[in-house]
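Undergrad: These are the residues of each chain, in order.
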Amino acid sequence: MTDASTAEASAELVAEREALAPEPGFREAFAQVILERPSTRIAFVVVVLFILIAVFAPLLAPHDPLRQSILQINRQPSWDHWLGTDQFGRDVLSRLIHGSQNSLIFGLLSPVFAAFFGTLLGVTAGYMGGIVDRVISRVIDMLMAFPELLLAILIAAALGGSFWNIVVVLTVAFTPGFARVARASTMAVKQEPYVEAAVAAGVSTPRIIFRHIVPNIAAPIVVLMALWSASSIRIEATLSFLGIGTQPPNPSWGNIIRDGLSNMFATQWPIAAGGLAITIVVLAISIIGDSVRDFLDPETNQ
Amino acid sequence: MSDRLLDIRDLSVEFGPVARPLRVVDRVSFSIDAGKTLGIVGESGSGKSMTALSVLRLVPEPPARISGQILFDGRDLLKVPRRNMPAIRGKDIGMIFQEPMASLNPLMSIGDQIAEAIMLHESMSADRRRERVLDLLRLVGLPDPEGRLGAYPDQFSGGMRQRVMAAIAMACNPRLLIADEPTTALDVTIQAQVLEMMLDIRRRFNSAILLITHDLGVVAEVCERVVVMYAGKVVEDADVGSLFANALHPYTQGLLRSVPSLTDTRKRLYQIPGSVPPARTIKAGCPFRPRCPARMDRCAVEMPPLVPYAPGHRAACWAVSKEMAE
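Protein sequences appear in the order of chains A and B. Using the working numbering, you'd call the opening residue of the first sequence number 1 and step up by one each time. Using the working numbering, you'd call the opening residue of the second sequence number 303 and step up by one each time.
Since the hints were derived computationally from the structure, they do not count as laboratory data. Computed from a prediction, not measured in an experiment: that's the story for all the values here. There's no promise every hint is true.
The following residues of chain A were derived to be distant from chain B, with all beta-carbon distances above 10 Å [unchecked claim]:
#  : residue
1  : 88
2  : 128
3  : 138
4  : 192
5  : 194
6  : 203
7  : 204
8  : 216
9  : 242
10 : 263
11 : 268
12 : 275
Listed below are the simulated DSBU-like cross-link pairs for lysine-lysine, each with C-alpha atoms no more than 30 Å apart in a straight line [claimed, not checked]:
#  : chain 1 : residue 1 : chain 2 : residue 2
13 : A       : 190       : B       : 338
14 : B       : 393       : B       : 381
15 : B       : 624       : A       : 190
16 : B       : 338       : B       : 381
Yeah, the Cβ is synthetic: ideal placement off N, Cα and C, and Gly gets one too.
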C-alpha cells in the first residue's frame, strides 16, 4: 500500500513512479511467507512426500498389499518386510503405502467438494438474503448441530462404507462449516463499495457473484480447506477403524490400526506405523493450514 | 428548452411504514440538458446521494418506495423493469463513486475492470477491447497506460484510482455521468485534475454530468446549474451565476457565507446554527425553519412552494416571496 493518499502532488508522482516498479506478485509473496518458517517448510516437504508415495504406491510397495501368506504370519521387521507382517502374513509397509492412497484421497476430495457446495450455498444465502437466506441458514444450523463424526457414522452406517459413500459422508459433514464462512464473508463483501460500483456499471448478478464476490471471500475458504483436510484424514481413519470406512481387505491407515489392535500382542508394528503415519500427515497439513491462515488474515499479516 | 436529457419530476423516496413514511427525498424536480453540468449541493443527509442513486435504481426497493418520474431521454426509468436496468447502468448512465479507495475490486487488475465494463454492453474482439481500455486510460490522463493494465488497485494512489473509476464510468460513452462527491476523498490538487478531466470528457462526448457535492467551490468551477437541497427538498434552483450573485434562500446564503474567503483571513468562518434534522423529526412547514435567520410564523405551518423569482431561478421560501411581493 502506498501512503500517497495523505501526501501532496509531488508525493503522488513518487507513488506513481513506485507503482511502475514491479511489486512482488501475490504468488511470490505467498511462497515467501509460507516457506519462511522452518516448521512450515518441513510440513510442506512431508505432505509432498506423502502425496508422491500415494501416487507411486504400486511402484514403491515392495509387496502386494493384499497377498496373504500363512507361512509368514506376525513377522517382526526384516530386510524383506521392513515393518514386519500382520496376522494374515501381509506386508505392513506395502499396506501402509497403499493405504496412503485412500487416506489422502479422502483428505483432499471431501474438503474440495465441501468447499464447492458450501461456498455455493453460503454465497447464495449471503447475497440473496431474505427467505432464501433463512431457509439455507436453518438447514445449515441443523447439520451443524450434529458433530461431524456422528453425522459421518450415521450416514456410513446407513449407506455402507463404499469409497464414494465415505466421500459423500465427509462432504455432507463439512459443507455447513464452509457455508457459514462463505455466507458471513459474502455479507461483508456485499457491502463493499466496489460491489455497488459493479452494480452501477451494469454488471449482472451472477457475474458479480463469481467475479467480484467469490474471489474476495476465497481466503477463509482456502484456509478452511487446508484445516479440514487434516480432519478429513482423521475422520476417514476413525471410520475405517470402526469398520464403516474403507472396507477390508483394502488397506487404509484406519483399518491397518484396527486389524493391528486385535493382533496387538503378536506384533505392534501395524498399530505404531499406522498411528504414526496419520499423526505425521495430520500434523503437517495442520501446520500448513495455520501458515496459510496467518498469511491471508490481514490481522496477523505483518 | 434544448434537448433535455434527464428530467426528474416529483421524485420521492420513502422508507418505513406507509402510514408514517420516512421521506428522504421529497418531491424533487429538476432537469439536465445534454452537454451541461448540474450540481446538487447540500449538507450530509439532505438526500442528494439518494436522488442520484434512484436515477440508476440502485436504491433497494423494498424497503424503499420511489414515486414520481425520472425521464431519461423521454423514457421513465422508474417504469423500466428491474431486470432491464443493468443494460442501462454503465451504458447510458455511468456513475463515479465517492470512495475511490474502496470502489475498485482489489483482486481484479485495472485493465480487467475497465474491460469488464465494456464487455457488458458492447461486443468486440479482445484486441479491440484492449485498445479501447488503453484509449480510456489515456482519456482520463493516467500516465503509462500500457504498463498499468495489469496493475492492481492497491498499487495506485487515490487520484489514480478515481481516474480509473472515471474510465470505467466512461467505458461506453454514457450520455449522462453521475458523479457522487467524486473529489471529496482527494487532495486539493488532485481534485482540480479530476474536475478538469470530467470537463474534458464532457467536451469530447457532449455528455451531461450530474455532480453531487457539498463543495460550492467545485460547483462554481464546473456547473451551469445548481440545485440546492435541504432535508430531502429542493430549496433553490438556479443558474450558477445568479446563484452566486443573488442567492435567494436563507439556506443557500448561509452555505455561501460559510465558504472560506482567500482575501479575508481574520473573520471567524460563518456557520449555519444547528444541523440537518433527522428525517423522522421533521414536522409540517419548512424544514429549515429552526435554523433560519429569516423565519416567520407562516414557516411553521406551511412548506413554501418552489416558485420562480427570476428567469431560471426558483426558490422555496416565504421570506423571499414576501420580500418580492413588497
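Undergrad: Which hint numbers doesn't this structure obey?
TA: 4, 5, 6, 7, 8, 13, 15
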